[in-house]
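For reference, the chains in residue letters:
Protein chains: 2
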Amino acid sequence: MRVTVLTIGDEIVSGHTLDTNAAYLSGRLAELGFRVGRIVSVGDRIGEVRAELEAAIADSDLVLVTGGLGPTHDDVTKQALAEAAGVALVLDRDLHALLKRRFAAGPGVRPEVIESLSTVPQGARALENPLGAAAGLEIGIGAARVYAMPGVPREMEAVFDAAIADELDALPKRCFSRSRVIRTIGLRESEITEKLEHTVPSLDVDVGFLPGTYGVDLRLVGSGSDGPAATEKLEKAARLIENVLGMSVYSTEGEDLHDVVGKMLIARAVTIAVAESCTGGLISHLLTQVPGISASFERGDVTYSNRAKIDCLGVGEALIRDHGAVSREVAEAMARGVRQTAGTDIGISTTGIAGPTGGSEPKPVGLVYVGLAHDGGCAVKEVVFRGTRRIVKLRAAMLALDLARRHLSSKGV
Amino acid sequence: MRVTVLTIGDEIVSGHTLDTNAAYLSGRLAELGFRVGRIVSVGDRIGEVRAELEAAIADSDLVLVTGGLGPTHDDVTKQALAEAAGVALVLDRDLHALLKRRFAAGPGVRPEVIESLSTVPQGARALENPLGAAAGLEIGIGAARVYAMPGVPREMEAVFDAAIADELDALPKRCFSRSRVIRTIGLRESEITEKLEHTVPSLDVDVGFLPGTYGVDLRLVGSGSDGPAATEKLEKAARLIENVLGMSVYSTEGEDLHDVVGKMLIARAVTIAVAESCTGGLISHLLTQVPGISASFERGDVTYSNRAKIDCLGVGEALIRDHGAVSREVAEAMARGVRQTAGTDIGISTTGIAGPTGGSEPKPVGLVYVGLAHDGGCAVKEVVFRGTRRIVKLRAAMLALDLARRHLSSKGV
Numbered sequence: 008m009r010v011t012v013l014t015i016g017d018e019i020v021s022g023h024t025l026d027t028n029a030a031y032l033s034g035r036l037a038e039l040g041f042r043v044g045r046i047v048s049v050g051d052r053i054g055e056v057r058a059e060l061e062a063a064i065a066d067s068d069l070v071l072v073t074g075g076l077g078p079t080h081d082d083v084t085k086q087a088l089a090e091a092a093g094v095a096l097v098l099d100r101d102l103h104a105l106l107k108r109r110f111a112a113g114p115g116v117r118p119e120v121i122e123s124l125s126t127v128p129q130g131a132r133a134l135e136n137p138l139g140a141a142a143g144l145e146i147g148i149g150a151a152r153v154y155a156m157p158g159v160p161r162e163m164e165a166v167f168d169a170a171i172a173d174e175l176d177a178l179p180k181r182c183f184s185r186s187r188v189i190r191t192i193g194l195r196e197s198e199i200t201e202k203l204e205h206t207v208p209s210l211d212v213d214v215g216f217l218p219g220t221y222g223v224d225l226r227l228v229g230s231g232s233d234g235p236a237a238t239e240k241l242e243k244a245a246r247l248i249e250n251v252l253g254m255s256v257y258s259t260e261g262e263d264l265h266d267v268v269g270k271m272l273i274a275r276a277v278t279i280a281v282a283e284s285c286t287g288g289l290i291s292h293l294l295t296q297v298p299g300i301s302a303s304f305e306r307g308d309v310t311y312s313n314r315a316k317i318d319c320l321g322v323g324e325a326l327i328r329d330h331g332a333v334s335r336e337v338a339e340a341m342a343r344g345v346r347q348t349a350g351t352d353i354g355i356s357t358t359g360i361a362g363p364t365g366g367s368e369p370k371p372v373g374l375v376y377v378g379l380a381h382d383g384g385c386a387v388k389e390v391v392f393r394g395t396r397r398i399v400k401l402r403a404a405m406l407a408l409d410l411a412r413r414h415l416s417s418k419g420v
Numbered sequence: 008m009r010v011t012v013l014t015i016g017d018e019i020v021s022g023h024t025l026d027t028n029a030a031y032l033s034g035r036l037a038e039l040g041f042r043v044g045r046i047v048s049v050g051d052r053i054g055e056v057r058a059e060l061e062a063a064i065a066d067s068d069l070v071l072v073t074g075g076l077g078p079t080h081d082d083v084t085k086q087a088l089a090e091a092a093g094v095a096l097v098l099d100r101d102l103h104a105l106l107k108r109r110f111a112a113g114p115g116v117r118p119e120v121i122e123s124l125s126t127v128p129q130g131a132r133a134l135e136n137p138l139g140a141a142a143g144l145e146i147g148i149g150a151a152r153v154y155a156m157p158g159v160p161r162e163m164e165a166v167f168d169a170a171i172a173d174e175l176d177a178l179p180k181r182c183f184s185r186s187r188v189i190r191t192i193g194l195r196e197s198e199i200t201e202k203l204e205h206t207v208p209s210l211d212v213d214v215g216f217l218p219g220t221y222g223v224d225l226r227l228v229g230s231g232s233d234g235p236a237a238t239e240k241l242e243k244a245a246r247l248i249e250n251v252l253g254m255s256v257y258s259t260e261g262e263d264l265h266d267v268v269g270k271m272l273i274a275r276a277v278t279i280a281v282a283e284s285c286t287g288g289l290i291s292h293l294l295t296q297v298p299g300i301s302a303s304f305e306r307g308d309v310t311y312s313n314r315a316k317i318d319c320l321g322v323g324e325a326l327i328r329d330h331g332a333v334s335r336e337v338a339e340a341m342a343r344g345v346r347q348t349a350g351t352d353i354g355i356s357t358t359g360i361a362g363p364t365g366g367s368e369p370k371p372v373g374l375v376y377v378g379l380a381h382d383g384g385c386a387v388k389e390v391v392f393r394g395t396r397r398i399v400k401l402r403a404a405m406l407a408l409d410l411a412r413r414h415l416s417s418k419g420v
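Respectively, the protein sequence lines represent chains A and B. Quick note: the first sequence, position 249, residue 256 per the working numbering, numbers continuous. Quick note: the second sequence, position 279, residue 286 per the working numbering, numbers continuous.
Honestly, I wouldn't trust all of these hints.
Intra- or inter-copy, both count: the list cannot distinguish identical chains.
Claimed, not checked - Capping the alpha-carbon separation at 20 Å, the derived lysine to aspartate or glutamate pairs in EDC-like fashion look like this:
hint, residue 1, residue 2
1, K388, D233
2, K388, E336
3, K202, D82
4, K202, D81
5, K202, E119
6, K370, D176
7, K107, D173
Don't read these hints as lab results, they were simulated from the structure.
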């Protein structure tokens, strides 16, 4: 089965937009047992789109297309599909009725826009787009089956998941692969490589190392004659790797660190409050991404100014004067203060110099103190992070979340 | 000048890795006055790489290739280039001497690996890689000029910048293009299309519409006989579009909304405090991404619980009891409260139901109130957003930032 992914849009060939759609589709197709042979991107010119479509159709059994399905002048995919198939664009009455109903609820959209959105190449089947107005399409051209999806990533994903994945899964296939991401924090890539030196060769899966901004991910790919066989290989490998790396592994399921910490807090009914200076609200933002966190997350104080640290957290004015706002002492006072004010089980704090300015000889840009107050006392960590303002904020937030994770794990609460 | 970018690697066609190399090269080529016609990605199979190379060479004047230049078995680019050119791989003595010297300094690398890294297709010129062992290549095949670069992004960028960019810049070009992104919030794509119906055809630039999660971007591409001519067309078009869309345009330079608001606050010496419930710290996080914001950003209170709203912001217990925490009245009390407590020029607030649970008949998931308190009073906006928890948070935060932007603009402060 020869598969081509064709992504359409000037924003891709001009370098303005990363082609995340191609990566998403290739990954999903791999899970479903298909190997993508080639990915092609072209701009919004009808002649070029048509030429690439025709080349893909001649060469492939399955063609997945994204982009160019909207109602504006630069949306040429439907026309190109119709030309490649040698058919006309016709009104899909069911789609037209659906879109008219949907638009009737909101502010006025001109009838000709709705009509344009409701045309399909003759013989094509419209695929509902639950998140937007541009429907997907399925059409057979020559010996190839062509699926077209909108270019907005979440709409593309929604159409693929709702209307296309099951149809592809029902096609005959030879080999299934499954993948899984093990996420770590606190070890360098070289340390992980050394620790796993004897483990990786014995695993029946491919292992890739992906160093990130605040930790290293390990991507495992297992293949088998069916999905469960591939999944079993992955699970065995994940267990072995976790045994070697221990607490540095925060997820064997590719989860984000804040999701792991948020779920631990909720599951263990531990309440938390956060006092942030240099991280500027990032920790609160990440924790409140987790559904159901309101049971555990009591409040967050983004105490950027000294005044706010004193007023909101009860940090002593003299403490700031004697040690500076960026100090071990103030980090501890912030964590203890927010825990006490909010009346929570734990309190975490950050204070540091995110940059690009504000550094000095004894306190360079990137210096960060992270505090964790709990019923047994208060721990403070001092680190100097390299990187831009954004990177320092991110690394500091992740260090604080990791401190909370290790505390919650060790307590077994 | 027809240009193809060809990226090689199983990690791309399997969806493991985003193809950032293609985006980087396309963007750099656009700056240098070339329009990339197509981007093609294939895996590491020699037959497929050779076929795509031959198709690109037949079709293009300039071909940029990344990936597959290393010494391992899955690095097939040099062999494919040699086959496409009909020549043998030969040892490049200068490159060999250079790599031997370089490797002599570090840990042991086997001589045959160094030798493999030093071979090039006969007639090709090696391009030094300052950051790694795999050199780039330049070779003419048929009428096309082909440049090959390593696949590791920072090495690819280093080879392109050091050895290729200047050569391309010296080529005769017909047309220079420049691009620019106009960012809007508050209008749908269809509304923008309607408003610009008569403007777009009169512009001497290409206009692409890119709807995002909380606004629509317009990407303009202007072409001219040199860079300044292209830039002038862009500037003229941007002014015309801004005249039509008015306050909905928050940047004609592709900036993020929080950067625009942060810079306005700093430039006008306006101080701000933020009281967030449903956005959970996201507004504070975004504002504190802006360097220098500590002069304007006094504090943020993430008052997730009712208790926090009462304690930190002075919201009346009765107000919450009578109207609910998610209400116009509480949004106003939060904005006024944080402004007063922090003693800032403006205070903004959010309260809403981010979901996925917590909705009810009169107050559905996605209902959000956003408040803005200033010296002239307090404005509150009510909206119901569709989407996941993350999307509701993001849209609510952007609405609040936009409210602040419009206030700051109207004041002309």
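Hints the structure violates: just list their numbers, smallest first.
1, 6 and 7
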